[in-house]
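K.L.:
Given chain L, work out where chain V with the ligand should sit, using these hints.
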Amino acid sequence: MEAFKTLNSGVAPLNRVNVDTDQIIPKQFLKRVERTGFGQFLFNDWRFDEKGNEKPDFVLNQDGYKDASILVSGRNFGCGSSREHAPWALQDFGIRVIIAPSFADIFHNNCFQNGVLPVVLPEDVVQKIIEHSENDPDYRITVDLEAQRVWDENEEIVADFNMEPFRRHCMLNGLDDIGLTLEDEDDITSYERERSEHGGVVPA
Amino acid sequence: MAPRTMFEKIWDTHVVKSEEGKPTVLYVDLHLVHEVTSPQAFDGLRMAGRSVRRTDLTVAVADHNTPTWDLSLPITDPIAQQQLDELSKNCDEFGVTLYDRFSPLQGIVHVIGPEQGYTQPGKTIVCGDSHTSTHGAFGAFAMGIGTSEVEHVLATQTLRQFKPKTMEVRVDGKLSPGVTAKDVVLGIIGKIGIGGATGHVIEYTGEAIRTLSMEGRMTVCNMSIEAGARAGMVAPDATTFEYMRGRENVPKGTDFDKAVAAWEELGTDEGAQYDQVVVLDAEELEPHVTWGTNPGMVAPITARIPIPQEYEDSGEQESVTRALDYMDLEPGMRIEDIEIDRVFIGSCTNSRIDDLRAAAKIAEGNKVDESVYAMVVPGSNAIKRQAEDEGLDKIFMQAGFDWREAGCSMCLGMNPDILKPGERCASTSNRNFEGRQGKGGRTHLVSPEMAAAAAIEGHFVDVRDWRG
Ligand code: SF4
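Same order as they appear, the protein sequences are chains L and V. Going by the numbering used here, the first sequence opens with residue 1246, and the numbers climb by one from there. Going by the numbering used here, the second sequence opens with residue 351, and the numbers climb by one from there.
Chain L extracted, bound-state conformation:
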C-alpha cells in the first residue's frame, strides 16, 4: 500500500450529504476481477449522460477540479454497500484525501486499506472549504497526516483532525494489515487450540 504523509492539492467540492457507494461506483462496473481500472467509472451516473458524454455541470468534469486529489463532501460519505470498488475507483481517479464531517463505517475502513485518507473535520470547517473551492477552482489546501492538520494557502482555514494512532501509523508507513496480523500467527494458533478445548468452533 502506498504511504501517505502530506499532500498539497486542488480541491473538488461535492456539496451533497449521504453520498452512497452506489453513486461512487455503480454496480454495473463491479464485475471486473481486478483491483485496478475503476477510476474511469467513478461517479459514472453523475459524470456522464446516457450517451456517455461528460456532463459539464458535474464538478469532476470541470477544469481546475478534475485533477484535484482532494475531495470534500457532506456528512455520512460512503454509506451503503461494502464494495471496496468505491475507494479503488476514487484512488484510481487520483483522489488521495476525502474530507467530510463524517463517514460510513465500512467505507471508512476500506479507505485505510487502500491508502485513501478520510479526514473528519467539523461541519462548519467543511462548509468553508466547500465554499472556498466552489468560488475558486485554483484554491489549494495542504493535508499533513504527521501533524494531523489541514490548512489553506493564506492560512484562512487551519484545522486539526483526529485519527486513531494505529491507523495513522499504518498510513504513514504504508503498512499492510495482513502482514501485521501474520506476525501474531502464534496467538491465532493458541487461540484456536484453546477454543477447541472448550468445544471449539462448529466447522462450517
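Among the hints, erroneous ones may be present.
[Stated by the list, open to error] A short list of chain V residues far from chain L (calculated; beta carbon distances all over 10 Å):
#1 T589
#2 E592
#3 P650
#4 R707
[Stated by the list, open to error] Derived DSS-like pairs (lysine-lysine); straight-line CA-CA distance at most 27 Å:
#5 V/K770 to L/K1300
#6 V/K711 to V/K524
#7 V/K515 to V/K359
#8 V/K515 to V/K372
#9 V/K770 to L/K1296
#10 V/K515 to V/K439
#11 V/K789 to L/K1300
#12 L/K1250 to L/K1373
#13 L/K1250 to L/K1311
#14 V/K359 to V/K608
#15 V/K744 to V/K711
#16 L/K1250 to V/K789
#17 L/K1311 to L/K1296
#18 V/K367 to V/K513
#19 V/K789 to L/K1311
#20 V/K367 to V/K515
#21 V/K541 to V/K513
#22 V/K789 to L/K1296
[Said to hold, decoys possible] A few chain V residues that don't get close to chain L, going by computed Cβ distances all over 12 Å:
#23 P424
#24 M493
#25 E501
#26 E738
#27 K744
Don't read these hints as lab results, they were simulated from the structure. We put the beta carbon where it would ideally sit given N, CA and C, even for glycine.
P.N.:
Just chain V with the ligand, lined up with the frame of chain L:
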C-alpha cells in the same frame, strides 16, 4: 463480572489479541464469500503465496450475478460469467466449499447461511457484503467487510477491529395486523436516520421484536446497515432454537441441547449498559413506503410526500428536492396516489418463505394490474421448492406474477433483472439509492404485503384496510 451486553460477551470470547491503541484481532467463526467482492482477495492471496487458513470455516456462494431465468439457458453477460468462473476456480484452487448456480442449495448468501444452519448464536460472522448484518437475528455478531478484509480473513481467520459502541433499539408493544418487520425497520431508520447508528452495533429488544418470527428478525437485522450500524442483533430464544433444530450443520441430539444451554447464556445481562438507547412504540407503526433516494426517506402509507420548503436545514431541503426530482414526485401528493410500473418481491431482506406466504395471501384470487410487471424471486432454491410444495407458485402465476429462480435479482440489478430508466418499482429489497435497480430506475421500499397489493392495484394502498 460486571453485567455485559450480548455484543460484549461475543466480542470478549473472540479476542485473539488486544493492545492499547490498536485494533483488536478478532477471531472469525464463519466467513461467507460471494463472487463480486472476492476475486481481488483470492488474487491477493495468490500473489503473496498465502493459503486459506480455515477452509472448514469458509463457505462460498454464487448469487449476485446469477440470472434468475431457467437454469438450462446460458448466461448472456460474458463478464458475469467470468466472475462466476473465477469464483469456481478460486474455490477449487483454495479448497473452499462452493454453492454454485446449479447447486440445489444455492441462494442468496444471507438466506442460505441461516437456512443451512451455518448461522448460529454466539458466532462471529463476516462476509464481503454489507447485509451480513442479517445473521445477527440469531444472536451472532455479523458484519459486512471490504475486499481487503476478505483477504485478511481468508489468510488469518481474524479481523482487525476497533470495538464498536452499542445501541439498544427497543420496540415496545404489539404490531397491528398488516404492519410487518419491514415496517418496523423502516420506521426505525426513519426515526434515527441513515447515519443514526454509525459506529454502533444495534441490539433489538422489546415485545414487538420478541414476537417476530426468525424471518422477521432477519428482515430487521438485514437493514441495520441502512441506519449505518456495524451490525444488528437479537438475543436468541425459543423461536431461534426451534428454527434451528434439525437443520444441516446444526448440532444434533444431546449436542443440540448442550448448545442451546450455552446459547441461552448469551443474552444481555440485567443491568448492562448500552451507549445509546432508542425506544419506539409498535402500536404507532404503520405500513411504510420510501419516497426518496435513501432508506431514511420514508413515510407511513397514510402520509403525503414531504414539501422541501418545510425543512429547516438548507442541506436537508436540497437533498429532499434532489430526491423528489429524481423520483419524479410532486411535493404534497398522497403516497397512495403513486403509480408503479414494476413490483419486485425478493432480496435478502424479504424473500424467505414467510415473506412469500404473506405476499401470496394478498395475491390469491386477484390479478396483477395491466400496467404492472411483477416478479417473485425466492431467496434460495430450498425456499423455491418449499413454496412450490405449498402451491404458492401457482397462486402467484395465476395472479400474473412471474415466478423466478433464486438469486439477488433486481435487488441491485447486476444480473439481467433491471429497471429501465424512469420505471417505478415497489420493491421488497433494502436500498432505494439512485440507479440501484437499474440506471434511472425509481425504487420504493415496502413490505411483501404492500408490494403484492400495489401490484394488484397499480398504485400503493394501505394493506390494513385493503380487501382486494
Ligand atoms: S439480495 Fe441484494 S442486498 Fe442482499 S446480498 Fe443480494 S444484492 Fe446484496
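K.L.:
Take the hints in turn and mark each one as holding or not.
P.N.:
Outcome of the hint check:
no.	hint	in the structure
1	T589	holds, 20 Å
2	E592	holds, 19 Å
3	P650	holds, 22 Å
4	R707	holds, 29 Å
5	V/K770 to L/K1300	holds, 21 Å
6	V/K711 to V/K524	holds, 22 Å
7	V/K515 to V/K359	holds, 13 Å
8	V/K515 to V/K372	holds, 16 Å
9	V/K770 to L/K1296	holds, 15 Å
10	V/K515 to V/K439	violated, 39 Å
11	V/K789 to L/K1300	holds, 16 Å
12	L/K1250 to L/K1373	holds, 24 Å
13	L/K1250 to L/K1311	holds, 22 Å
14	V/K359 to V/K608	holds, 18 Å
15	V/K744 to V/K711	holds, 12 Å
16	L/K1250 to V/K789	violated, 38 Å
17	L/K1311 to L/K1296	holds, 20 Å
18	V/K367 to V/K513	holds, 13 Å
19	V/K789 to L/K1311	holds, 24 Å
20	V/K367 to V/K515	holds, 19 Å
21	V/K541 to V/K513	holds, 25 Å
22	V/K789 to L/K1296	holds, 13 Å
23	P424	holds, 17 Å
24	M493	violated, 8 Å
25	E501	violated, 6 Å
26	E738	holds, 28 Å
27	K744	holds, 33 Å
Of the numbered hints given earlier, the model fails hints 10, 16, 24, 25; all others are met.
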